[in-house]
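Line by line, the protein sequences are chains A and B. All you need for this note's numbering is the position in the first sequence, starting with 1, plus 17. All you need for this note's numbering is the position in the second sequence, starting with 1, plus 6.
If you're looking for bench data, these hints aren't it; they were derived computationally from the structure. Quick caveat, the model's predicted, so the values are computed rather than measured. Do not take every clue at face value.
Residues on chain B that point at chain A, a partial pick, calculated with CB under 8 Å [claimed, not checked]: (1) Asp57; (2) Glu63; (3) Ala64; (4) Val81; (5) Lys82; (6) Leu83; (7) Asn88; (8) Ile89; (9) Gly91; (10) Glu95.
Below, simulated BS3-like cross-link-like pairs (lysine-lysine); rule was C-alpha separation at most 27 Å, straight line [as the list claims (entries may be wrong)]: (11) B:Lys299 with A:Lys231; (12) A:Lys663 with A:Lys937; (13) A:Lys266 with B:Lys299; (14) B:Lys82 with A:Lys282; (15) A:Lys240 with B:Lys82; (16) A:Lys146 with B:Lys267; (17) A:Lys231 with B:Lys82; (18) B:Lys299 with A:Lys240.
We put the CB at the ideal spot given by N, CA and C, even for glycine.
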Amino acid sequence: MKRALVIVPNLIIIGFILLFVIRYANFKVEESKQIVIAEYEKMTVTVNQIITNYLKDEQHLCDIWSNYVNRSAEAGTPMTAEDIVSYIRKAKISPEISGHLIFMDDPGLSGISTTENQSRPGDYSVSYKNISIFDNLDRLSDEGSVVNLTRAYTNPMNGIQSIAFMNYVQVLDPDTGELRTGLLMRVVPLSLLEQKLVFLKGEYESVEISLIDKDGNYIIHGKSLKNSNFFEYYKSYNTVTAEEYEHFKSEITGGVGSTTIMNSKGQECMVSYTPLDSLKGWYLLEYIPMDDLVERRVVDWLLPGAVSAGLIILLIFNFVILMIYNRKLSEAALEANQANDAKSYFLSTMSHDIRTPMNAILGLNEMVLRESHDDNIIGYSESIRTAGNTLLGLINDILDFSKIEAGKMDIINVDYSFVSVLNDLVNMVQKKAEDKGLAFNIDIDGEIPSILNGDEIRIKQVITNILSNAVKYTKEGSVTFSAGYEKIPDRPDSIILKISVADTGIGIKPEDMDKLFKAFERIEEKRNRNIEGTGLGMTIAQSFLSMMGSHLQVESTYGEGSVFSFDLVQKVVKWDPVGDYEDAFRQSLSERHNYREKFTAPHARLLVVDDTPVNLTVFTSLLSRTGIQIDTAMDGDGAVSLFKQKHYDVIFLDHMMPDKDGIETLAEMKGLKDTPNNGTPIICLTANAISGMREMFINAGFDDYITKPIDPDRLEVMLLQYLPKGKIAPASAEDENDDYALPDFLFHLDEIDVNSGLSHCGNGKAYMTTLKMYLDTAGKNADEIERFWASKDIRNTTIKVHALKSTSRVIGALELGEYAARLEKAGDVGDTETLDRELSDLLSRYRKLAEELRPLNEHDEAESDDKRPLITAEELSEAFRALSEFCASFDFDSVVHIAESLGKYRIPEDEATRVDAIIKAVDNFDYELIPGIIDGEV
Amino acid sequence: MKKLICIILVMSVVLSLTACGGKTPAETEEGFVPALDTGTECSITVVGSYDNFEALEAEFDRFNEFYPNVQLSYVKLDDYNNILGTVLEGDDSPNIFFSHTWMMDNEKYDQVLAHMEDLSDPALRLNLDCVRPGLLKHDEEGRVIMVPVFSRSYGMLVNNDLFEKEGLSVPATWSELVTVCDELRKKGYASPMMGYSRDTSSCFMYTVAYPMFVATLADNPEALALANDLDPKAGEYMRPALEKIGQLIESGCIDPAECDKIEDNYTQVILRFFEGDVPMMICHGDTVSGTRKRESQSEAFTASPFNYSFTPLPLTEDGGYFIDSPSVEFSVNKDCNDLDMTNEFMRFLVSTAELDEMASVKRMISPTVNLSFDPVYAPFGQISSERIISPEVLGITDPLTVQIKLAAFRVGSGEMTVDEAVAMYGSFE
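Just chain B, with the same shape it has in the complex (with noise of 0.2 Å):
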């Protein structure tokens, strides 16, 4: 009998180490498998304008596991969109730094676009087949030099909790949007809809705006070459959507002397939406991922918490729009010291596994096919296919999105009306 415990003892101990042991290939062959030596020592900064940038932080340590001596950071740079280009050329220039598509259509920006590597390269071995089509832009030569890590869209942060108090159902339609901000103004909610609106950047006047806009040019072809062109013809496209705005504001579901009180367009934004009294905050993805962090900053959310969602904008009877553009890209300096180290960190990088995982921390939506969305976005993962349109491959370029940004801050914010508006198409500055 003691011989029979001891042989299922060690066997169980043996089968214990093989288990314990067995992971770490397993995830190699499926994973990432190291392309160079391991022992390699370099430094890899990568430059960005992200005060805090602890998920890619998170990758950094990652990555380690693989390559431990080779030692990665993140920089911050002031001024970041101005400084790139300085950057770029100094003798310290960084292996990896933030990019935009807008970048592209900006000719301040060829410097900064000299530097880029295109990822594209088969000899680079990335797996850009892991990153959704319409979030990758090619430059005019079929090159990608840059690769969304995150992506964006538009919609509203809705405190599930709170319509379930109130025995309401978060509206999906314009209509029931229109009903339940009178039902919940009605039980004492004087502003059932808020978001910044102190200035153009990230208002929510723009939030609601854009993605009509570009649901009317991509249903309109025509229009969006008129649109690009800045020709004051296109203004005329912009008009539902700049009447979507005054609706909102006239219904009652917005009061934009509410909105003024919010001090800026991001931690404020937050916050207010945490004091648990605000029943939708229009806002971008981009504010959603200041979400997590500011939920312990909140002493009202902290002591109250609730349940909430980022959503879609219902503007119309059949729902809201997935506008999913990117946000955050990464392009590679080719002129960088240890650029192979540094390809090797991108192809360790753009992977579903390492994307969605930082996403993860960032509370962004992930850019990879695998859509996996945070519980927080669940609702645009069910968003049907042909409700949702990419800028880039619709050919939205930014001086177009500049327009409609200033024209629904004016519109909103009264300083002009939309037949005013419409007609200043292509001149906004």
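Just chain A, with the same shape it has in the complex (with noise of 0.2 Å):
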């Protein structure tokens, strides 16, 4: 699994948490900063409350001084300027207030003070004229405000800020004696007010409280607020359009309430506004930095800071976890892989192991097909060819799953004969019928068009599966093949193939009909226990056809049969149609006879490579009456020899092979230039048909592979399709019974069961060449075995035991063959004791029936209808010097080659028993023996 695939999502979710906590944090921050804004706006309130009862409170106290001055007046006693001084310095406690009486009908503004002016002591006149804060007098007190306030301003006497309260009063002027008016205010330093204030101080440390008028000048100004105008310094350092401007000082100026401003720092900052109680038209501003307001919330970050550590902590625990599993899941796959290609090694090996013995199986069973005429033998050799078909069926099922499991399996299309296929699937499929009583039905379109391009051979296998199965679950009544075509408007050069088997069988339960395309279900498995098959057949059919964009469909009511059937879209190489295909058929069936080989080919020579003697044996029979000349080698030494010397029109060559494998024989063989057989097909033969292989021989270099057991039909269609064309003639009408003659004295003899070597062998031919080779090597064998037996080799013992047991069934010396099966049972297990009572018995039996074969030589001396050039004195001298150098210097290639040569011509007599030694040693392999044959000295 891909890294990103875990980290990627684990960020996204741990985004999605800490966007969540986030958010979150933020709503509470938000809502505890609205508590604290709501607090702050509860403090203005707090804090105008405050200012108004002192202002209100500074105010009565100015009110009493000028009620006094007034009730003076009205009592008819009116109070000079000085008198209401004078009174005001005794009235008034604290030493920072002071009174002011101006009198507002003088120019300069002037009046008198109770306290005297700090730079000209003694000096108690005051003027006020070049101080305005006299504008809003008359307006304040129309509107009926509790308190007449001037603004911040530099008090005149002392140069301190304050601030003054004012009422008119009535004043006796003493030079007159006419009452004039007069402005009384009682002046109090800003400081006072400020100290009223002083419980804000820890709650809101960095507040600054301002009174500003309707149009936003200070009265009492604020230290931040710059500028002497609050709504020209909002305008200021905030960006707002003239709407906006005018909705603040209306938002201001209003009610109760805060906004958010930036100050000249460019810091957000939190005023609340409202309205003072005591003095219409002006208003208290707070003011505090947005930050040092905040700093009050609830909410801190240590829950986010704390969930993303975790989530951080836990995402990198998770990882390493992750990587853990995964290694560990990697090193599980590297085993399944590891299990994986012993699977693949052992099926390749299974399917070698099992195919090799089907070859002898079938191979020699197809020779007792042809050759035999007792009708129980051939009855039972059919039984052999059907039971074995079935077990090939079964190992390819398995093989063809595995492949599809794999992802291995390939679709190949080429160009195929629609009629060829059919009388594949007919050929294959009718006999079986027939055998079952069934009735084959056949039902093809005439009009299909008769080359297709399409996976020919997967299509078979399909429509196969198909019949099989009809086959296998149809007790009575019929089977119907039927095959049909539809045009495709949007692809001229396509069909679709239309392909349907009908069958009366037992049908399918709807409940298993899901059952039906499982790998390794059976459906009524108990029903069917008697009906042979992997249960993979439907699977692989339905795999196929899905690769191929088709897919299986069933139609079956049970009891009464299914039809099952598929559409396939192939491309039309040639609309030729195939014609009335039934009749072709019936007559087939009526022409129907025994197996003639389909050709002659005496000209044609191969070369067949092969390690096992048998396998050799079994593909010369099968090709014995094509009269093709053949050359074996049973390895790959030996074949590239034979490949240097001779033209073969085909070679066959084995895959595996001990030493050096087919692969390698190929290669070498390839590498060689100069030879006889530049452009010689060659064609792998192997017993491995898992996944993969075809391509690796293709790859490999070879032309076309046959598969072990060797299908006999198919190695001839092969060898017609490869041996050129000059070669190739119709098969001989001659009547099979002229078959090469077995001298009579071997039906006599009692070891030997004549039918059964023959059947091992193929033919009577290739049955005398193998009882003359027992016939040679039995003296050289017998004494080996002895040789071993004496010097306690039990292993050797037993392995050469084994092969005269293999040895002496294929000549039909069956019971010497189970004699020494059973000595060689007892030298597996180590009973010497067995071995030493009974292997003298099987030597001297063994020996006793190579003394009966020798009449063997003579016979084949008189049967010889030599017709070979005769060898002249010098040619054989040639020879003869040749054997002695290539024996000198160990080419044993050539050594077998001119020994091969001399077989080619007649001997004379005085030098056949020579020659006859030396092509013995040659083919014994004793080519130590040959130098001494030569000098007469063996």
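Using the hints, put the two standalone chains together into the complex.
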């Protein structure tokens, strides 16, 4: 699993969680902020109340002063300015507070103060000429304020920033004796008001209080709020439109509330505002930087911080765990792959190991079928063929399934003859149906194009599976195979091939339909237990169809039968119709007869290479009637040697051989220049049929391949394809009884069952060849067994006895073979006692049989109708000289070649024994004896 | 490849961080380096006559970057010139206060002067060299007790777009001025030039007459002594300046009746100019400082903004004069609390960068040698050095200034003739 697939979703989830936490924390912060702001606004209202109370109190005190003065005037005893100042000096308690009496009708707005001028001691006169604080006095009074207050201004008597509460008084002018209107001012240092708000410190450390009028001009100016006008300050440091500016002004002067502004430092600040209760048209502002206000928030960032840290730790932990598990999974996957490789190897081996003996079984059985005239034997043989083919089918199913599962099954489209496919299918199924007593009907649309393009093999396999199933599961009635087609309007080069197989079999229950395409599941297992099969057929068919863009459809009525069908798009190569196939088929049935070879090719020459002698025998036997000249080699080196010497029309090369396998041998052959076999097709002979093998062989350089057990028909078809056309002749019409005649004495030997030998070897000639080989090697083998046993070499003794068992059975010496098999078993288990007791008896019988077979040599000579040219004395002498040299230089390939060349000539009688001895030595690989034979020492 | 990208990214981040962090030390090395404990907590108060002094308050913020715990505030004092002495005598006297050179010639301010610290004291390490020498005035003892933070000059605001629209060039000489005004009048501008005329303070008559009078005195050193002594003989030296006022009016360049409609010498002057139909508005530099803020306050200007500049009055055929005199000066109260930090702030403030910055915010003429003008002041930057006159260097005293101010106003307002005004020199009060 890619890391990103784990990390990215984890990060996204973490991101979402963090987003949620942050949003939630922000929400809580915002909530907290709102609470703080609400508290702040409440505080503003409180401050408003405090200030109002204070201002009212101070105004009240001012009013007391003015009332006292005015009542005196009303009482007819008006007070002079001096009297008033004197009175105020007595009445006021705080030394910081002073009283100013100003005459508004004086152009210099001058008057008298209760305190002296700080810079002019003794001077109590005061002037407000240059201090414009009375502009709004009348207006404020008109608006019914309970407090008449000036803005903060510089007290002209002491330079201290102050505010003044005012009221009008009637003052007696001592010079004129008339009453003048004076303005009595209770002048209070601004610091006194600020002291009233000291309680805010600690609560809101950096809060600043300001009072403004309707136009934003400060009455009391907070230190941080620059400019002399709050609204101008706002406009200076906040980018606003004219509408927003007006809205801000109306908001501030409109009631109680709060808003945020940017200060001169670019900080966000909270400003809460409320109209002063005591002064109409004046407004209280409380200003505090937002950072100072929200520091008091309830929610801190510990929570999101802790969550983030936790999630990241979790992510790392998960990642580490994941890595550990991934590593384990990788190891497991590696092991699984190794196991899978082992399985493939096993399948390969199994395929090879099963197919190799199957080659012998089916091949030799084919020979029995061809050559036997005994109905019983033919019956038995047919059963063997059926069972063998069934077994092969099972193996093939398993291999195909394995291939599909591994994803190594490819669809390979080729041009194919539809009739040929039909022939193969019908030939395959018709017999089976017939054997079960079923009617096999075919319904082929004669207009189906003759040459199509598609994967012929897989199509055949699918239909075979369906047809085989139909036959298997139908006890009586019929199996009908139908093929039709439809044209495709949009694709003029293709058709839809419509295939269906209908049977009158047991049918499928609706509830079992699902099992139909499941691997290894068989419907109604108990009922069908006697029917062979792996349960893979339908799965494989469905898989193949799926790969070809189709699917299998099933209609079934339980107990009545089923119809399996599918449609397959196939390209058309030739639109020629296939014609009336049913007629042709019926005719072929009526003309059916026993096997005859399809052709003869006496001038053709093949080389067959296989490390197993029996396989070579089977191969040569299967082609014996074709007259093809066949050379054999048992290993790669031998094959290469022949390859260099002789021209062959086709070479069959086994894949699995000891020392040098088929592919290595092929590579060596391809690497050779100037051989007689440039361009000779080389076909792989293999028992391996698992996935990928075909591609491997073609890629390795083989021209084709054929699997073991060898299908005789396929072999003949292949030869027809690869042999030069000029060397192929129609099959001989000679009676097959004119076969190789066996010596009569063979039929009288007790030890040998001739029929058994013939069946193993394919034909009489092959049998004779095999018998001679048996005879020639018997003496040596017996001696070797004795030697091994004498030296207590049980292992090699057993191997040799095993070989004796096999060869004896092949020639039909069944009892001797059984005897040898018993002793082989004894050898395998280390039963020396039995061997000691019976081995000598076995060897006596072996030698006795060899002695009884010796007439074969005379027979051979007698039967010889040798038309070979007689070798000249010079040629023979030259051959002996060359043999001596090659033996001396250990060039045994050349020795073999010369020995084989000698076989092409008739040898003068005086040299015949010596030449025979040389050829036997060569056949027995006793090359070291040859110089002695030539020199007459042996 | 991934590795390479990672290395590049990491290097980029490191370089970015280096770049981010590198600026402050560089600035500190070249600029202000705190000399006191930056954690010092104290309060510094600056008092002055400005209603608003946001330019100074911006400097407070910048100073707080070095001394975050120093609380600086500006307080406007009502009736500043009269109350300053009292305030300085108070218990909670300010640390820094506005001062003017004319205070040095007025014994009424002796008490104030007594509070002023010698800012040229080397121990204070103030960079007085950054200030144009003509703006620095030394007292009799050679001390520098006031440092100019803004400079002032006299001239006229010119609506450049209007001139361009009318296809005229801004006049650079007297005859060009007369010609241009004639053209403008023909185009329907009743009073091509305008200015405040209701009282003597910042009236256009003074703005016209003062530079010419100072220039005349500069050319006649013997007359300067007479003028400073308020000798009536010096009255003749006023004549060219006073006649120039009459010539402006008589030539139709300026219509006093139109000028009388302007209600105050600051805001209304600016707002009238912003109406857009005044080609030239006579005023001094202090008035120009209010233009930036009032651009948005003027509906006419907001609706139809135009390009304008402050240019010398072309009163002679050689052009105008740049009368370079201090506008606002700062003095340190040597008796204040936290004097060390106060001097530290002054050391911070008296630098080319900070004074220029403050002048830019306030839209005043910077007092530094750098003479880095706002584009509005660009025409003053083009004046040749021989036409730059510093009254402080020349030795112009405040009583002299009062005489020319009153004489010019009265002549301009038609209260007296030029001859009468000349005869009255020394007796104007």
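How the hints compare with the structure:
1. Given hint, aspartate 57 of chain B at the interface with chain A, holds; its Cβ is 4 Å from that chain's nearest Cβ, closer than 8 Å.
2. Taking 8 Å as the C-beta contact cut-off toward chain A, the hint placing glutamate 63 of chain B at the interface holds, the least distance being around 4 Å.
3. About 7 Å separates the beta-carbon of alanine 64 of chain B from the nearest beta-carbon of chain A, less than 8 Å, and the hint is met.
4. Nearest Cβ of chain A to the Cβ of valine 81 of chain B: about 7 Å, under the 8 Å cut. The hint holds.
5. Satisfaction of the interface hint for lysine 82 of chain B is found here, the shortest Cβ-Cβ separation to chain A being roughly 7 Å, below the 8 Å cut-off.
6. With its C-beta approaching chain A no nearer than about 5 Å, leucine 83 of chain B sits inside the 8 Å limit, and its interface hint holds.
7. Taken as an interface hint, asparagine 88 of chain B checks out: its beta carbon lies about 6 Å from the nearest beta carbon of chain A, inside 8 Å.
8. At a threshold of 8 Å, the smallest CB-CB gap from isoleucine 89 of chain B to chain A is about 5 Å, leaving the interface hint in force.
9. Proximity of glycine 91 of chain B to chain A holds as hinted, the smallest CB-CB distance being about 5 Å (cut-off 8 Å).
10. Of the supplied interface hints, the one on glutamate 95 of chain B holds, with its beta-carbon coming within about 5 Å of a beta-carbon of chain A, less than 8 Å.
11. For the proposed pair lysine 299 of chain B and lysine 231 of chain A, the alpha carbon gap of about 20 Å is at most 27 Å, so the pair holds.
12. Between the alpha carbons of lysine 663 of chain A and lysine 937 of chain A the distance comes to roughly 22 Å, so the proposed pair stays at or under 27 Å and holds.
13. Of the pairs offered as hints, the one joining lysine 266 of chain A and lysine 299 of chain B holds, with about 18 Å between alpha carbons and a cut-off of 27 Å not exceeded.
14. For the suggested pair lysine 82 of chain B and lysine 282 of chain A, the alpha carbons sit about 21 Å apart, so the restraint of at most 27 Å is met.
15. Among the hinted pairs, lysine 240 of chain A with lysine 82 of chain B is consistent with the structure: their alpha-carbon atoms are about 12 Å apart, no more than 27 Å.
16. At roughly 24 Å between alpha-carbon atoms, lysine 146 of chain A and lysine 267 of chain B fall within 27 Å of each other, so this suggested pair holds.
17. Taken as a hint, the lysine 231 of chain A and lysine 82 of chain B pair is honoured in the structure, with Cα atoms around 20 Å apart against an allowance of 27 Å.
18. Restraint check for lysine 299 of chain B and lysine 240 of chain A: satisfied, since their Cα atoms lie roughly 21 Å apart, inside the 27 Å limit.
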